[in-house]
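There are 2 protein chains.
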Amino acid sequence: MSQSAYQSLLERIREISLLGSINSTLHWDQETYLPKAGTVYRGDQMAYLSGRAHRLFTAAEVGEWLAEAAEAGLEPDSTEAVNVRWLKRDYDRATKLPTEFVEECTRTETIGNEAWAKARAASDFSIFAPHLKKLVDQARRRADYLGFEESRYDALLDLHEQGATTLAVSTLFDELAPALTELVAQGASACESLPVLLPEGPYPEALQKQFNAEVASAMGFSFESGRIDTTTHPFCTTLGPHDHRITNRYELDDFTSSLYCIMHETGHALYEMGLPADQYGLPCGSAVSLGVHESQSRLWENHIGRTLPFWEHWFHRACELFPQLKNSTPEKLWQHVNRVKRSFIRVEADEVTYDLHIILRFRLERALIEGDLEVDDLPAAWNQMFEELMGLKVEKDSQGCLQDIHWSFGGFGYFCTYSLGNINAAQLMESAHAIVPNLEQDLRTGQYGGMLNWLRENVHQAGMRQLPLDLINRATGAPVSPEAHLRHLADKVSIFV
Amino acid sequence: MSQSAYQSLLERIREISLLGSINSTLHWDQETYLPKAGTVYRGDQMAYLSGRAHRLFTAAEVGEWLAEAAEAGLEPDSTEAVNVRWLKRDYDRATKLPTEFVEECTRTETIGNEAWAKARAASDFSIFAPHLKKLVDQARRRADYLGFEESRYDALLDLHEQGATTLAVSTLFDELAPALTELVAQGASACESLPVLLPEGPYPEALQKQFNAEVASAMGFSFESGRIDTTTHPFCTTLGPHDHRITNRYELDDFTSSLYCIMHETGHALYEMGLPADQYGLPCGSAVSLGVHESQSRLWENHIGRTLPFWEHWFHRACELFPQLKNSTPEKLWQHVNRVKRSFIRVEADEVTYDLHIILRFRLERALIEGDLEVDDLPAAWNQMFEELMGLKVEKDSQGCLQDIHWSFGGFGYFCTYSLGNINAAQLMESAHAIVPNLEQDLRTGQYGGMLNWLRENVHQAGMRQLPLDLINRATGAPVSPEAHLRHLADKVSIFV
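Chain order of the listed sequences is A and B. Under this note's numbering, the first residue of the first sequence carries the number 1, and numbering increases by one thereafter. Under this note's numbering, the first residue of the second sequence carries the number 498, and numbering increases by one thereafter.
Because the hints were derived from the structure by calculation, they are not lab data. Each hint should be verified, as a subset may be incorrect.
Some, not all, of what chain B presents toward chain A, calculated at C-beta under 8 Å [to be verified]:
#1 L515
#2 T522
#3 D526
#4 P532
#5 A534
#6 Y538
#7 D541
#8 Q542
#9 Y545
#10 R552
#11 T555
#12 F720
#13 E721
#14 L736
#15 P738
#16 V933
Here are some of the chain B residues that sit facing chain A, going by a computed Cβ distance under 7 Å [said to hold, decoys possible]:
#17 S521
#18 K533
#19 G535
#20 S722
#21 G723
#22 R724
#23 G737
#24 M882
#25 E885
Virtual Cβ for every residue (Gly too), placed ideally from N, Cα, C.
Modelling step: build the complete structure from the supplied sequences, incorporating the hints.
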């Protein structure tokens, strides 16, 4: 009886995964190759598939199967139990929100997104403010529908990082912030007087692609089950259990920009490639959280890519492709890609300043959701907090609270996963250095197999079997803390001081 | 009541068209970009969508809506009547074949296709023969399920060219064959002594793409609603009412090979782009037949592209891109692309010899289906007939009856549409020369708007409102006949004699 309920559930999820993966393919095509005039019909195609997937998942029988399967007394750590547990969580979430509320949110977000684009272009917060009020109000109502114990913000956080609490994240960030502000001050002043460190371009696009493909392959990315295309904004997407696509963009005057995008997206792709393929679409075959996903991209990008051993190994090949580098050295490239500079725009921030951008957003959106900050007071609060954290005075809202798209589509509770990723990455990498045999030697010679295997065994293969905090704790033997990340950033600053 | 049945039908077809267009997108991706390891899951995705579309179309309520809508006394030429008429034809076809029979065919075709590939590689007909017997038997049973009046072959023909009969096609081909054999003899002997006419390559791929894109744009292909990618076998596919994709392949030693592929596929794409978008997926928004579709590709490729005026206009631009052409002339390129040469392989044939390959296949597959030829006797029959028609002795079956893939997946009744396309194209082009103002002048100056408009008005916009024979008759003022095509081929031969 319960076996049959579980089997019915598996079949349904298999169908929903087919629909989801097809939709991802359509979306990938839209971002890469879709002719402009095809956009409207593409929207119809995707809405049809999403609608069908949603109806299939929220159908009453799914609730019955879940209840029946759960009652069967499964072993708590078994594949079945893990799948049922998280599917039930998703089912409850999907059925708790009334259809009219979801439709209202979609409308508000569409209109809000347009208003945000106008507001940012004009650097005029008043254009966006009335929409942001509605978006905040909806986020609060969403939290009410979903339910929470301590804070409304917990409900939103849990949508992106299950098991995370507002209290835990703010404790981490409160520990991080003052130390970061100090490190940024040291790093930025030491880097101020540095000359330009990268030889002049152009670095031809075709050669950047060649170099990136070699690095991605060395990391373990398989072109048998993946590919790299070009888009405005780089991303990584999974179109099936053996189909992983990365996209990238190219700057002709700095090849390291596309290189670190590729290392970042390849980190994401390796996680997806390392999930158990026979559990594709099920919780046991899915990434556990955004914060863990981001740990994989940041680990490869920052802890492997932005190191001296990386450049000691790859410098020779880079010189073959880009002859102007012959006047440079591995050390200079290493310095170039770690340069510290205070800046207003998050997506352009270096590694040391980055988390300050996130902490700012976390504190402000928490205050908005918990009712401690009014939307009208947001620009002033942003500018004041930014100056305290970063030591820079915001001159206009387009480089302040209007810079990110996220809030305009209701994305509250998302930003902090970027910094959780950084914290997780540093803690994982410190452990890897202690545990993985010959890792130093491997990294100096461009051998990444040992590193990847360790990540596969300790992170990728688990799927959603453990909560993010437990996963990191088990992999590293210690609870999640910002200490490793702070040591790592202090090392980066010490390059220059 | 009947309006409501028709509306229900429209909604259902809209859903089926969404599924079909999504499947076309997945197929396009499979041919262009899909990583190898993604193939199996891609098969699952596509089978899921096809299965759902089939179930939605063959559902009992569709039959009821069709009956109800037909009984409403629609004007015979109205959009509603045309849509209902052809949808009923499709519905009857889809519901006449028992599910077990369709499944049996799929299995036989999968196995037959594998056997064919082995047989061709080994040039050993005995490997394929037992499978071909089953495939012929199934084709005969398919005809029995579908029903026919004169000949089983009529039923198969009608699947690809509605309204065409075995008698009518064989009459056309019997008129064509002896004249062609004569023209081929003249042309081939005149061309035998010609020197190499194209300057040596390489013709770089990127520059071929540039040239092809300019020609396709001049023809009227819109890159706002279409694109060109690279595949092993060129094709044209429609992924939505405003999304038309062409693919091509490149030979570095002859840029005209990819050029004529593009002109051919652009001809197909212009037809699809010219169908009424508001009827997308419905008969009034669909191409009427393969023979008419092929007329559009052949017209642009052969009647516009392989002419002296074409090269008089495009020679200058070709020289800019491929400087080695400066030692050539428009006349030499024109001769190069019209050279007549007897050959064994259909897909490599020139325009003058091409139809002989088709006539051979038509006669043989008709005989197989009508029971006048046994599979075991096929190689001998092929070789004898090929020598009579083409004047060449087949030495091995891999260059004879094993060369084409079509029969191995049960594709009987398809080949003749290629020659019907040639015949239609010639007749349309002769009329266009008589009717379209300033056409000579336009073609000499690379202006193709007048030509395209005439095709849109007389062919594209009609969708399936007229049968192919009626469509050509109405557009040209005369019943379909091979005379224009023979005059056209005689002109081609006269280049050399």
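Evaluated hints:
no. : hint : in the structure
1   : L515 : 5 Å, holds
2   : T522 : 6 Å, holds
3   : D526 : 6 Å, holds
4   : P532 : 5 Å, holds
5   : A534 : 4 Å, holds
6   : Y538 : 4 Å, holds
7   : D541 : 6 Å, holds
8   : Q542 : 5 Å, holds
9   : Y545 : 5 Å, holds
10  : R552 : 13 Å, violated
11  : T555 : 19 Å, violated
12  : F720 : 7 Å, holds
13  : E721 : 5 Å, holds
14  : L736 : 7 Å, holds
15  : P738 : 6 Å, holds
16  : V933 : 27 Å, violated
17  : S521 : 11 Å, violated
18  : K533 : 5 Å, holds
19  : G535 : 3 Å, holds
20  : S722 : 4 Å, holds
21  : G723 : 6 Å, holds
22  : R724 : 6 Å, holds
23  : G737 : 4 Å, holds
24  : M882 : 45 Å, violated
25  : E885 : 48 Å, violated
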